[in-house]
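Chemist: Sequence:
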Amino acid sequence: MKIENKDITRMYSMILTLGLMVGMTGCANSEQVSDSTDETAVAEETTVEETSATQNEKDNGSDSTAYSNQTSDDDFIKKEDIKINDTISNSSDGGHAIEVDGKEESYSNVAVAKTGEADGDEADFYGENSAIFATNKATLNLNSITVDTNGTHANAVFSYGEGTTVNISDSYIYTSGNCSGGLMTTGGGTMNANNLTIVTDGNSSAAIRSDRGGGTVTVTKGSYTTNGTGSPAIYSTADITVNDATLTSTASQGVVVEGQNSVTLNNVILNADNNKKNSDKSDYYQAVMIYQSMSGDADKGTAAFTMKDGKITNKNGDIFFINNTVATIDLNNVTITNEDKDGIFLRAQAAGWGNEGSNGGNVTLNATKQTIDGDVIVDSVSTLNMYLKDNTTFTGAINTNKDGGEVYVEISDGSVWNLTADSYITSLTCDADSINLNGHKLYVDGKEYSAGTKSTGTSVEANITTKSDKNSANSNESSTDSGKAKKSDSSSSTDSGKAKKSDSSSSADSGKAKKSGSSSSTDSGKTKKSDSSESNNGSSSDGTHKRPDKKPNKKPDDNKSSDNSDNSKSGSNSDDNKTKKDTSNE
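Following the working numbering, the numbering of the sequence shown begins with 1 at its first residue and continues without gaps.
Hints are supplied without guarantee of correctness; some may be wrong.
Lysine-lysine pairs mimicking DSS-like chemistry, simulated, CA-CA at most 25 Å apart [said to hold, decoys possible]:
1. Lys-389 <-> Lys-454
2. Lys-308 <-> Lys-369
3. Lys-277 <-> Lys-369
4. Lys-402 <-> Lys-447
5. Lys-389 <-> Lys-308
6. Lys-341 <-> Lys-369
7. Lys-341 <-> Lys-441
8. Lys-447 <-> Lys-369
9. Lys-341 <-> Lys-402
Simulated from the structure, these hints should not be mistaken for lab results.
Could you put the whole structure together from the sequences, leaning on the hints where they help?
Modeler: Laid out in structure tokens, this is it:
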């Protein structure tokens, strides 16, 4: 027995030795083994990073698979990541830490700190009290800097005037006060930003912000977060393009476009949680709002929101809300998730801005390679032309309560509309297999659509009433011919699409602020003004935006009314003889 055990032991020993020799001389040499180990380590590290990123995206209620080029939170610039060699600060009311006037300058690896107060138009339109200010066709290059501001109307980086260009990269910006945006562009200036982290905590403090005179803003990569009321991630009275970035609003809309201006998002992650209001102009919450405030800060015309790839995640309310303007919305392969089961996809409807009867939303929606889930409401003073293209799927209903404005739907290129309730539209173009009724009824111009029928229709015209027409229509409440009360154009708005209206001139939830010397703003970021104030605030008769020859630099008057006062009040500010402008939407 012992001999047998010894023999077995020798046999195992020989086999192990032979195996070891083969392993050393056959499958891989030591260099190859090292490479394999390194590759395995890299693969494991990548897997960990991807798993972490996936978990972060899941935590945000989103799908990471379609956004492989988006970075995780850990990859965004942090303040401590930036090497600082110098500090530049300013604490004077209305002053700047860095001011570049008509020349080219560059700064890198500096910490910029700004305190001090300002109020109203000089700060919002012309850059007073901003930490960094460029004007008069200057070129300012900023790299690897930090900017901290703590004051009312203390914007971080400001580009003012045609020919002025600010280039900023790899930097961190934080603003804590009300009416204090991260990037601010007005008067036709240019702002180019790359790989920034911006956080704003104040009310009316959009991370990417513009005001009167607008300009051109291009932002690439980075993270842009707002935490205040009336502080969208983007407030546009300019042409703003954002690429490969993450936008987050924790209290306000994600994006607001005012007037004849635009926002273009390319492969952007937009997270919106609009849960607070700063006026009573509208009853609704939304991720994206497109409107005209009538303040004079944005020209009247067609607003544009364009988004390709990327995703929108909305936590409260609707996805789109359009009022008192004509707008074009272009969506291409965007993942849209509405976490609010009561929210709808699109609401075109009158609110508290503009003239009653002609203040609806007039929308052209182009959806390409798109999945749309959610209903659409178009009230009686609004219109919608909805084009579903290139295998787009729309699952929802339109104007389920029968009443509403004119709606045209065109379904082409393999696109499909899946009804979830009875729907009412004005005109329809589709192939025979484009619509799945799912047991519901579709009425086109009052007639029931038959399943499997091809249809050809025409687009509808925007419902735009001129001011003179409106004044004529409302000159008398009663008709002199019959003695009967004359019905206003907007009196037939739908039950579900009727927005709360207010006679106040305060503006709603977007990105402007009521003018005041107090540091506690009422959710705005621009000063409110009357119709007559445009010429008093730097806007010439030819429509251009010009800065006054002299820039006031005075300390705010402690006796001025607080920004926490009632937003419904309007009128002139007796302290500086400037009229307040409509505010709300930051």
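Chemist: Now look at each hint and say whether the structure bears it out.
Modeler: Comparing the hints with the structure gives:
| no. | hint | in the structure |
| --- | --- | --- |
| 1 | Lys-389 <-> Lys-454 | holds (16 Å) |
| 2 | Lys-308 <-> Lys-369 | holds (10 Å) |
| 3 | Lys-277 <-> Lys-369 | violated (34 Å) |
| 4 | Lys-402 <-> Lys-447 | holds (12 Å) |
| 5 | Lys-389 <-> Lys-308 | holds (14 Å) |
| 6 | Lys-341 <-> Lys-369 | holds (24 Å) |
| 7 | Lys-341 <-> Lys-441 | holds (23 Å) |
| 8 | Lys-447 <-> Lys-369 | violated (30 Å) |
| 9 | Lys-341 <-> Lys-402 | holds (22 Å) |
Hint check: violations occur at hints 3, 8; the rest are consistent with the structure.
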